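Asks: Could you slot chain B onto chain A? The hints should help.
Same order as they appear, the protein sequences are chains A and B.
If you're matching positions, the first sequence starts at 1 in this note's numbering and goes up one per residue.
If you're matching positions, the second sequence starts at 1001 in this note's numbering and goes up one per residue.
Hints in this document: simulated from the structure, not taken from any laboratory.
Given the structure is predicted, the values throughout are model-derived calculations rather than measurements.
C-beta: ideal position from N, C-alpha, C; glycine also.
Honestly, I wouldn't trust all of these hints.
As the list claims (entries may be wrong) - No more than 16 Å apart at the CA atoms, straight line, and that leaves these computed lysine to aspartate or glutamate pairs for EDC-like: (1) A:K38 / B:E1037; (2) A:K260 / A:D425; (3) A:K509 / A:D848; (4) A:K657 / A:D582; (5) A:K38 / B:E1033; (6) B:K1093 / B:E1033; (7) B:K1064 / A:D582; (8) A:K260 / A:E165; (9) A:K616 / A:E652; (10) A:K655 / A:E686; (11) A:K324 / A:E301; (12) A:K38 / B:E1071.
Said to hold, decoys possible - From the structure, some residues in chain B lie toward chain A, with a derived Cβ separation under 8 Å: (13) H1027; (14) W1029; (15) G1048; (16) P1052; (17) H1055; (18) R1059; (19) N1072; (20) A1076; (21) K1077; (22) F1078; (23) R1097; (24) T1109.
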Amino acid sequence: MKFISDLNFRIRALFQRKAVEVDLDDELRSHLEHEVDKRVRAGAPSEAAIRGARAAFGGVERIKEETRESRGVNFIENLAQDVRYGLRMVVKNPGFTAVAVLTLALGIGANTAVFSLVNGVVLRPLPFPEPDHMVAMTGGEYTKGPFSFLRAQSRTMDVAAYADEAEFNWTGIDRPLRIAGASVSANYFSALGVAAEEGRVFQQGEDQPGTDRVVILSHALWDHRFGRATNVIGSRIMLEGISREIIGVMPAEFRFPSTKAELWVPLHLDPKDIGDFWYSSYMPVIARLRPGATIGQAQAELAALRKPMLAQFPYPLPADSWQKAGLTSLQERIVGDERVKLLILLGAVGLLLLIACANVANLLLVRAATRLREVAVRTALGAGRWRIMRQLITESVLLSVLGGAVGMGVAIYGLPALKSLLPADSPRLADVTVDGRVLLFVALLMVATGIVFGAAPALGASRVDLTNSLKAGGQRGVAGGNHRLSKSLVVGEVAISVVLVIGAGLLVKSLWLLSNVDPGFRRETILTARVTPDETFCEVSGRCQTFYSDLLGRVRALPGVTEVAAVNGLPLGGGGEVLPVDIEAHPTRPGAHNHLLLEKLVTTDYLSTMGIPILKGRGLNDLDASAHSQWVVLVSKSTAELYWPGIDPVGERIKVKFQDQWRTVVGVVGDVRESTMAVPLESYLEGVFYVAYGQQAVQGSGTETPPAEMTLVMRSSQENSQIGAELHGIVAGINHDVPVTHIEPLQGRVIESVAGPRSTALLFSFFSALALALGGVGIYGVISYSVEQRTREIGIRMALGARPGTILRLIVGQGAKLAVGGILVGVVSALALTRLMAGLLYGVGATDSLTFFGVALLLFLVAIAASYIPARRAMRVDPMTALRTE
Amino acid sequence: MTNRNIELPQGTLDLLILRTLAAGPQHGWAISERVQEISSDVLRIQQGSLYPALHRLERRGWVKPRWGTSENNRRAKFYELTRSGRRQLELEKSMWRKLTTAVAQILDTI
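In isolation and in its complexed conformation, chain A is listed as follows (with noise of 0.2 Å):
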């Protein structure tokens, strides 16, 4: 019952506010009546009743307030009455609520779309069941018989691997096609536990010779090409010149091992084929742990297995193989790299978050100067001071969820751009969307902003002299407290502002470094085109060599068309076949491991078709083109020095392993970047050395099979479409099944080769760009208040004679302290925190002394030239006008 009537009382204490206000009113009349009745009787006159009586009962105001406050509904009915007030204020000051709101629009904004990245990419799970089972090999490569024999043995894990990033011809229609794939272990699905959309997915032993020629789609794929149709499972398609049977199709949202991939083979785990079972290229292994089997355990067996392992090879490995091996999540395995630089992303614009709502608290502690009498004559009629602060914190709340509501339009906009600023090929890209967890994020971020900013501000108001704000009568009295609060907000505002510049610096200073460094060899007017016959077309004698030199005869032929060559592999990709080789003067010891070098298969005119350098000694003639005469090789610059250092290496040998011919050194070239413009070759690479096409080394068993996948370099002086046109119309005039994919640019290669570093620069350089305006605008803020507050100060010295330049050297000087005292902060910080970001550097220290004081001089600057407008305006005061004003 009393919980009943309570309630009842609260309901209606809430929603008939105004009728209970009014009874209120009515029933607090009533007793001063009574009280002045009282009064009259005893024969006072009645205006001296009325006026005792009110003596006597006191602030109604304040009555009131504790009356409601008593009515348990006064939480609810402040916040709502705090709301529309704040409402109010907002509405009446456009000027001020724009700047505040598109202040916090921008920082709530960039937080939103940044957090979107993280979440998508870093904290949402994997898309598979129970995605924290999945596990990932590290600390070692797998080639198909490591993996095999663990796959075998493991006890704690489902063993998966897939070799990625492959291309199949796809031919028996009417233009062949080349498709991005992967080969994958027929457990693969399984181990990731995902099934098929249509059909089915690999069975154990489909990976097996005999009975892997079966192929699954993906959902676009079967879109594009087979307008969903469902007969499509069962039926052929001719891929690498193996005809495959279409056994499932997945669903859309499955895009592993990347987005690029649109179908999935069997991978071919033979035995038989030594060379391709143990010694074919590195693939990524992953597992699913088994039900009830932790991680230690199976690092454990990891271990344990790795003796067995290395036993199994048909050759001795060196001893310490697989000794760093280990797992980790799947999750870190894929985002693994991309992490650190998003959630550095994500402390700059949380910076630049805390930039905005330092100069939106400045902004309310101006205004709180002016709205100090208001503030004075609500304590007087009895607001508490937690009152007061509950109301101007509701108005910064109010500000900010107003930001908030904006910054979530800014970043729902902004998002897709901040995605193609991404790399494509970043892992995820496709799991980034605006979700719960993101609105939530923003929620939170609305909230918390708006105490951050209007928490000092309500403080300092709260704290008002009754007295002295009342008698100032609309002075400016601010609290000299108010002054220094906001100065202090300003020297943070420089500092945070100074961090993210230095960070800014740093990064466009490695850009630039890195966009300059010297590939090694001449990338304009170069255009590159993958030309790639079927695996099983080459496999004939003879027929590639033809195939090829018949090609670029054709087109050399073309007008405009100066030089082609054609490679197993561009440089800046780390293209090449890796091969272990014997260095005669260099033979390796028992137990250690094999030389390792990357093999870049040309036709004779490639170097003087990418203006590679010969330094020494001879390049490669048509002569080194046939098996039957000498087998030569050149080496790179770096490899010489690494073998025979400080000695001709012309006329040394070396030798591929498990071939039996030796081949001389011929001639020394130019370094190239063969992996990424800031890496020169990949670590387990000790050099690169260059094999003219029909001299290959070919990895495995030994056939001489050449590659069938080379690229043609074409230096010309024509449109580029244009010799992609012609290019395909020479290609089908060979041979129709051949297709001629990549055609672009080598300079696009070089500028996607620093497309990371590029998209994190220009991002922080947008950043740090908001935050230094930001700054500018606080400093300006700042010293235009002080100067307004000094105008009288500045109207006496001026009579006292005081020159404007005086004038200015003040202002300007008050302007610069800030920015001295921010500046120092910041670099101090800024020392400590650009450590973070040193692997996303290159070839500048994360200290770079150069980038700090430049930094430093800039903010100075900025400060400076902040300060300068207002007190340009202080150096016209008019002494007169000032003097009378006050």
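Replies: Frame of chain A, contents of chain B only:
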């Protein structure tokens, strides 16, 4: 004793109001007058605490308000004790007695 009035101890205001209303429905001003009168002007209820207290009692369901006409022929809001209010009064009365007896005992003994 220079001060004619003494401060009401915490919690006694509710008791006084309930007791006053036990004699019949009464409005705010009359309650404060009555308390002052009966206590020979020793106790004086501040309006600042009277009305919050009345509304608190109403919220708890111990009193029920009703607009009526006062002896001065003026509109006034009368508060009437509810049944649970009566129970509460008995409870608070016995608590108060216990308290005062205990305090008196200590004062007299020591």
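Asks: Each of the hints needs a verdict: does it hold here or not?
Replies: These are the hints, each one checked on the structure:
1. With a C-alpha separation of about 14 Å, the suggested pairing of A:K38 with B:E1037 holds against the 16 Å cut-off.
2. For the hint pairing A:K260 with A:D425, the CA-to-CA distance comes to about 9 Å; that is within 16 Å, so the pair holds.
3. Our distance criterion of 16 Å between C-alpha atoms is met by A:K509 and A:D848, whose separation comes to about 10 Å.
4. Annotation: proposed proximity of A:K657 to A:D582 holds, straight-line Cα distance about 6 Å (limit 16 Å).
5. Taken as a hint, the A:K38 and B:E1033 pair is honoured in the structure, with Cα atoms around 10 Å apart against an allowance of 16 Å.
6. Using a Cα cut-off of 16 Å, the hinted pair B:K1093 and B:E1033 is violated, with the two alpha carbons roughly 21 Å apart.
7. Taking the CA atoms of B:K1064 and A:D582, the gap is near 104 Å; set against the 16 Å cutoff, the hint is violated.
8. With a C-alpha separation of about 8 Å, the suggested pair A:K260 and A:E165 falls inside the 16 Å cut-off, and the hint holds.
9. In summary, the hint linking A:K616 to A:E652 is supported, as the alpha carbons are separated by about 13 Å, within the 16 Å threshold.
10. Restraint check for A:K655 and A:E686: the C-alpha separation of about 15 Å stays at or below 16 Å, so the hint holds.
11. At roughly 14 Å between alpha-carbon atoms, A:K324 and A:E301 fall within 16 Å of each other, so this suggested pair holds.
12. Proximity of A:K38 to B:E1071 is assessed by CA-CA distance (about 12 Å); at most 16 Å being required, the pair is judged to hold.
13. Because the closest C-beta pair between B:H1027 and chain A is about 7 Å apart, less than 8 Å, the hint holds.
14. Annotation: interface hint on B:W1029 holds; nearest CB of chain A at approximately 4 Å, less than 8 Å.
15. With a cut of 8 Å, the hint placing B:G1048 at the interface with chain A holds, because the nearest CB-to-CB distance is about 5 Å.
16. Because the smallest distance between the Cβ of B:P1052 and any Cβ of chain A comes to about 4 Å, under 8 Å, the interface hint for this residue holds.
17. A hinted interface residue such as B:H1055 counts as satisfied when its beta carbon comes closer than 8 Å to some beta carbon of chain A; here the least separation is about 5 Å, so the hint holds.
18. Restraint check, B:R1059 versus chain A: the minimum CB separation of about 5 Å is within 8 Å; hint holds.
19. The restraint placing B:N1072 at the interface with chain A holds, with a minimum CB-CB distance near 5 Å, inside the 8 Å limit.
20. The interface hint given for B:A1076 is met, as the beta carbon of that residue sits about 5 Å from the closest beta carbon of chain A, less than 8 Å.
21. At its closest, the beta carbon of B:K1077 sits 5 Å from a beta carbon of chain A; the interface hint therefore holds under the 8 Å criterion.
22. With a least beta-carbon distance of about 10 Å to chain A, the hint placing B:F1078 at the interface is violated under the 8 Å criterion.
23. About 24 Å separates the beta-carbon of B:R1097 from the nearest beta-carbon of chain A, more than 8 Å, and the hint is not met.
24. Violation of the interface hint for B:T1109 is found here, the shortest Cβ-Cβ separation to chain A being roughly 39 Å, above the 8 Å cut-off.
The structure shown violates the earlier hints numbered 6, 7, 22, 23, 24.
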